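> One letter stands for each residue in the lines below.
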Amino acid sequence: MTATAARAPATAEGVKPWSRAQAAARLAQDIPEGWCVNLGIGFPLLVSNFVKGREVIFQSENGIIGMGGLATAETIEPWLVNAGKQNVNLVKGASIVHHADSFGMIRGGHIDLCVLGAFEVAADGDFANWTTSLTDGVPAVGGAMDLAVGAKRLWIIMDHTSKDGRPKLLERCDLPLTAPKAVTRVYTNLAVLDVGPQGFEVLDMAPGLTMEELQAKTGAPLRRKAS
Amino acid sequence: MIDKRVKSIAEAMQGIKDGSTVMFGGFGAVGHPAHLIDGLIEQGAKDLTLVGNNAGSGRVEPLVRLLAAGRVRKIICSFPRSAGSVVFDELHKAGKLELELVPQGTLAERIRAAGAGIPAFYTPTAYGTALAEGKEVREINGRHYLLEHAIRADVALVEAYQADRWGNLTYKLSGRNFNPIMAMAASLTIVQSQHMVELGDIGPEDVHTPGVFVQRVVHVPYGGPASNLATAG
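Each protein sequence line maps, in turn, to chains X and R. Quick note on the numbering used here: the first sequence kicks off at 1 and runs consecutively. Quick note on the numbering used here: the second sequence kicks off at 1 and runs consecutively.
For reference, chain R alone in the conformation it holds in the complex:
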């Protein structure tokens, strides 16, 4: 019987080695596997390279505490600066955290390419900008493109809304974001899921990520991301 469910976050995080590249899903707090990152702090792996869209804000969320604990060597990220990203700012300014800044679409495609077995690709994004520095330029049909390389990870940390014992997943609304492509791009994909459902409960055409991309699933019914209601205007 295939059963990828594990009983605890600690069990889910077993075996992550020092020096690993770890991807984490999420666009801000939505679709972000904060409980697994908490588990990574407990687990103890260090000298990590992180791959994700943001670098956290405030001082209490797990991603920020992982950075503050000095466990991350480098972050590959599109938008590390946000309201309250104080810990990232401090570490980066002090030279204690390397940043590889990547345009968001290029970041997504580099991850997607890794999962799809494509080692590199040409993209028009960032041609003629400071972020093109050191990159191969190729002219194709009169337009300029940069060569960008796939990003593979040792571990992907994913947040799902529903999961079954095969690791079939669904995501809730914009909680999907980077999660499906990260699930495909890592050797070890670990999922925290809001709901655990029986095999067959997710209709075949409703599976967002087939279980073949998933190694471990842990049930984390935390309720959902904190809301962020904008004031009018």
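With the rest of the complex left out, here is chain X:
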């Protein structure tokens, strides 16, 4: 199943949740020309499909500045992979650095935006995306903690609720944190929310959804963003 073809299930009469591709496109609308952006693997990577016509520079933690799309059989370069270790292309103007410089760029505040997925986001900007348990299974952290503290902005893109319907936007995270007070905005299949001084502020909602319905699927109080 491709992500772009995935149809989000209807939640209530007349409500049309955004598909993953639509949520990624909605996020991409908010990226201005000229930003340097790091996209996490999976859902966040879809964002790169929706910035056409603007010069946005994609950085990959393994030392690529100016990453293009996924490689095809015609464009394959085996020595060029993204953070998910898939073969990718470069754009004209790209450059390559070593890992310490790449993370210097990340930690040093030179990345305008990082987009990551998450298991949970709390109303104070805490978020959890690296492990569901510190005792079971094999933990792996990769670059998430560095990106979370280093990028100028951290936006999360994720489904609004877990597969079994539980809210992922919460008062407090239950899972081990990736970073405290790091998230500034969240894009889900149901809404776009800022993390404001008093918690989640709704900027935009999927067609047909009411604040009450959104609140019912959210584990922390919502308010409308003052325009």
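Where hints are given, some of them may not hold.
A few chain X positions that, by computed beta-carbon distances, are all more than 10 Å from chain R [stated by the list, open to error]: (1) 32; (2) 85; (3) 171.
Once the Cα atoms are required to be at most 20 Å apart in a straight line, the calculated DMTMM-like pairs of lysine to aspartate or glutamate come out as [as the list claims (entries may be wrong)]: (4) 96/R - 136/X; (5) 52/X - 33/X; (6) 181/X - 139/R; (7) 93/R - 136/X.
Cβ-to-Cβ under 7 Å is the rule here; a few derived chain X residues that face chain R [unchecked claim]: (8) 79; (9) 81; (10) 98.
In short, the hints are calculated from the structure, not lab data. Here the structure is a predicted model, which means the values were calculated and not measured. Quick reminder that beta carbons are idealized off the backbone N, C-alpha and C, glycines included.
Let chain X serve as the given structure and place chain R on it in line with the hints.
Positioned in the frame of chain X, the structure of chain R alone reads:
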């Protein structure tokens, strides 16, 4: 005449002692010196501490076979879990392989610091998380930082694209990754290079790692990493 070239992988791996800390370059398979790790299996050193980004996948690649052979006591790593990292999972669950999990940027900077003569540094990464446990916290200009220590190695295993007899190196595209900083952080840096070139063939401003950081170079023209074409979407 300075000549760091050696004729075989076996010669390149001579003298690595039991208990050594061994760094290996690579982000997945790209820039990963798999042939040198194969040579380390042959060479026989045991009770090793490995330092690298990943812990391998499947059961046939040399890194995984080194782990499976019980030759590694500990791995310092940012992303040991990947599709098919079955051997790491088994050994770790059985308590036979110690893991020090380090955020990727902190891992890179700890290696870079060692090579640059910096014993420790403060970083904001991982403050307020489970990975901060036991670490000194310092508040600087209103922000919290963790003290992280440099990681020096006895041996660094590096994959280059071009090398000359002085050990000057270039890397191919994202094959650079951890290799330049590891080359600086070890007492013995051993390089497998896709191409051997004449001294002077690499222009001075094109040298990625100057030969002063390199002790041994062996020519391994294996062609390049296996490709990983993603399916659309």
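> Evaluate each hint against the coordinates.
Here's how the hints hold up against the structure:
1. 32: Holds, because the least Cβ-Cβ distance between residue 32/X and chain R comes to about 26 Å, which exceeds 10 Å.
2. 85: violated, 4 Å
3. 171: It holds; residue 171/X is separated from chain R by about 17 Å at its closest Cβ, greater than 10 Å.
4. 96/R - 136/X: holds, 16 Å
5. 52/X - 33/X: holds, 10 Å
6. 181/X - 139/R: Answer holds: residue 181/X to residue 139/R is near 16 Å, not above 20 Å.
7. 93/R - 136/X: holds, 9 Å
8. 79: Holds, about 4 Å.
9. 81: holds, 5 Å
10. 98: Constraint on residue 98/X satisfied, holds at 4 Å.
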